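Novice: Here are the chains, one letter per residue:
There are 2 protein chains.
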Amino acid sequence: MAPADSPFQSPQQRSKARAAKREAVLRAAVQMFNERGFHQTSLDDVAASLGISKPTIYHYLGNKDQVLLECVTIGLSQLLEAAEESRRSAGNGAQRLIAFLTRYAQVNMDDFGRCVVRTGSEALGPESRAQFQALKRKIDTAMRELIEEGVADGSLAPTDTKLLGFALAGALNWPGRWHDPKGALQPAQIAEQLVAMLAQGFLPR
Amino acid sequence: MAPADSPFQSPQQRSKARAAKREAVLRAAVQMFNERGFHQTSLDDVAASLGISKPTIYHYLGNKDQVLLECVTIGLSQLLEAAEESRRSAGNGAQRLIAFLTRYAQVNMDDFGRCVVRTGSEALGPESRAQFQALKRKIDTAMRELIEEGVADGSLAPTDTKLLGFALAGALNWPGRWHDPKGALQPAQIAEQLVAMLAQGFLPR
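So the sequences go chain by chain: A and B. Residue 75 in this note's numbering sits at position 54 of the first sequence, and the numbers go up by one each step. Residue 151 in this note's numbering sits at position 130 of the second sequence, and the numbers go up by one each step.
Just chain A, with the same shape it has in the complex (with noise of 0.2 Å):
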């Protein structure tokens, strides 16, 4: 390893400053494809922003395809990583999905996620889309699996699983469309309302 007041980055160094600017450079890109839309964003503004040049991005992550893949794939596996803490956590199988559809939502409010609402997989190349849409249903069975394992237990009413999903993930996908970062409800707080609103129906109980 390089002494502490060495000129030479050591390895470790190296890498970590690697990490550090591609992790940079998408939060800028990411922020930018929400707030003008990917199609309204090019890779110039995003390396202005960022006081560097096109290249350097190319340099560390690839064409604008490859970035916004990139944004995409960190939102999804935040996701994906909820539905895999969800089922590892105790309680019956409603209050895992509950678990599970809360950090969804505010997933969903995140930078990565709202990115994920946003991108109709139109937006990527092929072969990205193709990625992008395997990563989606991954999530997708995930809900399912969880809602399966609550009718099972009796904790969740008898439902068809493949449609409960999509009305659960439609109704906690769009906040990533609507909600303002900038505003006064908090993510956690809106989640955990919408969530209390689709376990309980919006018919008196």
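Treat the hints with care, since some could be wrong.
Which copy? The list can't say, so a pair holds if one copy fits it or any two copies do.
Each computed DSS-like pair below joins lysine-lysine, with the alpha-carbon atoms no more than 25 Å apart [unchecked claim]:
hint, residue 1, residue 2
1, 159, 203
2, 75, 37
3, 203, 183
4, 75, 203
5, 157, 203
6, 157, 183
7, 75, 42
8, 37, 203
9, 159, 183
10, 183, 37
11, 157, 42
None of these hints come from the bench; they were simulated from the model. All values derive from a computational prediction rather than experimental measurement.
Given the coordinates of chain A, work out where chain B should sit on it, guided by the hints.
Specialist: For chain B alone, kept in the frame of chain A given last:
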């Protein structure tokens, strides 16, 4: 009026022919926007699919931004019409809301409704965007009024009107993304089942 065998069209015939041509262009455009994405569709493609030239589209509808605005305006008008019809219908607030939501979901699986769901406002130019957003606000308002009427007459559970409106809109916009018009399930069935899930909630009653 020109006699039936005249080689010249009457004003009525001309106006009818013009409306039919306008509609054919809109139908071809909206289907291509939905299938390929707005940014991946050129008016040249739309024109070619009808065996006409791009200037003919300009003549009937204007530029691509204006064509998109017209498509989403038709979709949003269908949603508004559904709201007005439900307001006039018999039954208590919950029944009127359910009638509206069922029609709302169906429209979102039609060509023009799908286009509304798939269009982010950033795709439109500033002026068209303002019109698009104003119309969407009208639908939000209509949805909230229906909810408030149901809470007022006791047929709906007391709730955060705005948030419930977003939850319902999200769940029922989503089919405009996932529903396959060539799939086995009919829009009317899907709409009815989705609305029942939202009304009942996923916890057993």
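Novice: Now tell me if each hint is right for this structure.
Specialist: Here's how the hints hold up against the structure:
1. 159 to 203: Between copies only: 23 Å across, 31 Å inside.
2. 75 to 37: within (21 Å within a copy, 53 Å between copies)
3. 203 to 183: between (34 Å within a copy, 18 Å between copies)
4. 75 to 203: neither (29 Å within a copy, 42 Å between copies)
5. 157 to 203: between (28 Å within a copy, 21 Å between copies)
6. 157 to 183: within (14 Å within a copy, 28 Å between copies)
7. 75 to 42: Classified as within: same-chain Cα gap 13 Å, cross-chain 45 Å, threshold 25 Å.
8. 37 to 203: neither (31 Å within a copy, 49 Å between copies)
9. 159 to 183: within (13 Å within a copy, 31 Å between copies)
10. 183 to 37: neither (42 Å within a copy, 45 Å between copies)
11. 157 to 42: Neither: 27 Å inside a chain and 40 Å across chains, both beyond 25 Å.
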